[in-house]
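Participant: Chains P and X, in that order, give the protein sequences.
Under my numbering, the first residue of the first sequence is numbered 1, with each subsequent residue one higher.
Under my numbering, the first residue of the second sequence is numbered 1, with each subsequent residue one higher.
Treat the hints with care, as some may be off.
[What the hints assert, rightly or not] With the Cβ distance kept under 8 Å, some of the chain X side facing chain P (calculated, not the full set):
1. P40
2. G43
3. L44
4. L46
5. K49
6. G53
7. G62
8. F63
9. T98
10. T104
11. F107
12. K109
13. A110
Hints are computed from structural coordinates only; laboratory data are not their basis.
All C-beta atoms in this analysis are idealised placements derived from N, C-alpha and C, irrespective of residue type, glycine included.
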Amino acid sequence: GAVVSQHPSWVICKSGTSVKIECRSLDFQATTMFWYRQFPKQSLMLMATSNEGSKATYEQGVEKDKFLINHASLTLSTLTVTSAHPEDSSFYICSAAIGGATEGIQYFGAGTRLSVL
Amino acid sequence: AQSVTQPDIHITVSEGASLELRCNYSYGATPYLFWYVQSPGQGLQLLLKYFSGDTLVQGIKGFEAEFKRSQSSFNLRKPSVHWSDAAEYFCAVGGFKTIFGAGTRLFVKA
Chain P
1 GAVVSQHPSW VICKSGTSVK IECRSLDFQA TTMFWYRQFP KQSLMLMATS
51 NEGSKATYEQ GVEKDKFLIN HASLTLSTLT VTSAHPEDSS FYICSAAIGG
101 ATEGIQYFGA GTRLSVL
Chain X
1 AQSVTQPDIH ITVSEGASLE LRCNYSYGAT PYLFWYVQSP GQGLQLLLKY
51 FSGDTLVQGI KGFEAEFKRS QSSFNLRKPS VHWSDAAEYF CAVGGFKTIF
101 GAGTRLFVKA
């Protein structure tokens, strides 16, 4: 089946530093990838939609300068949390869509837990 | 507005008992419907999906769901729950963007 690898699974960083999270589709090409944020005991909140070779589309209220998304190839999208602060601590999950973004089935990475001290 | 409602925040069932998780949606067009399962600290795994056709869909791990257009529902069922089914379950409506419900946490007691 379709496998999405997300790395790292857990990262601790100091306030003010930047953190990069990678999302790779291992056995398929993903034109569209999604980045979500999940707070404890809550649902997934879509942050942005990432299309290969173009700028990401951010959801309302998500700071594009703080959460930099790059989708340079059909198998890799990265999320960089710039100048991270404790309030950025969260669980970040990526997914890759097969069949197009419209009805597409999403395959999820295992998530990255970010803790900002 | 498009939305997904999972009325039950958590449900506890005995191992071997049947399970039904409720999901109601509001969507302007014919929806694409999904159920995902999330184990603690993990990403989401697709259990099943409905795009069109037979309104009773079968998924992995013995789960099934029934699409009822008249009730705007897509409830998830399993005839006999196993302890390993304890997890968080998310109903989702797809389209240009996928909208997730708030989730239902399933506890399984021995």
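Participant: Given X:K109 as an interface hint, is its Cβ closer than 8 Å to any Cβ of chain P?
Facilitator: Status violated, d = 20 Å.
Participant: With a cut-off of 8 Å on the beta carbons, see whether X:F63 makes it to chain P.
Facilitator: violated (16 Å)
Participant: Would you check whether X:L44 satisfies its interface hint, that is, whether its CB is within less than 8 Å of any CB in chain P?
Facilitator: Nearest chain P Cβ about 4 Å off; hint holds.
Participant: Under 8 Å is the threshold here; is the Cβ of X:L46 close enough to any Cβ of chain P for the hint to stand?
Facilitator: holds (6 Å)
Participant: Hint validation: X:K49 versus chain P, beta carbon distance must be below 8 Å. Holds or violated?
Facilitator: Nearest chain P Cβ about 6 Å off; hint holds.
Participant: Would the hint on X:T98 be counted as holding, given a Cβ-Cβ threshold of 8 Å to chain P?
Facilitator: Holds. Min distance 6 Å.
Participant: Is the hint on X:T104 kept, meaning its closest Cβ partner in chain P is under 8 Å away?
Facilitator: Since the shortest Cβ distance to chain P is 11 Å, the answer is violated.
Participant: Could you check if X:G43 really has its C-beta closer than 8 Å to a C-beta on chain P?
Facilitator: Constraint on X:G43 satisfied, holds at 4 Å.
Participant: Taking 8 Å as the limit, does the beta-carbon of X:G53 come near enough to a beta-carbon in chain P?
Facilitator: violated (13 Å)
Participant: Using 8 Å as the Cβ threshold, decide whether X:F107 counts as touching chain P.
Facilitator: It is violated, given that the least Cβ distance between X:F107 and chain P is near 14 Å, above 8 Å.
Participant: Hold the hint about X:A110 up to the distance rule: shortest CB distance to chain P must be less than 8 Å.
Facilitator: violated (24 Å)
Participant: Given X:G62 was flagged as interface, is its beta-carbon under 8 Å from a beta-carbon of chain P?
Facilitator: X:G62 check fails; min Cβ-Cβ to chain P is 18 Å, beyond 8 Å.
Violated hints, in rising order: 1, 6, 7, 8, 10, 11, 12 and 13; the structure is consistent with all others.
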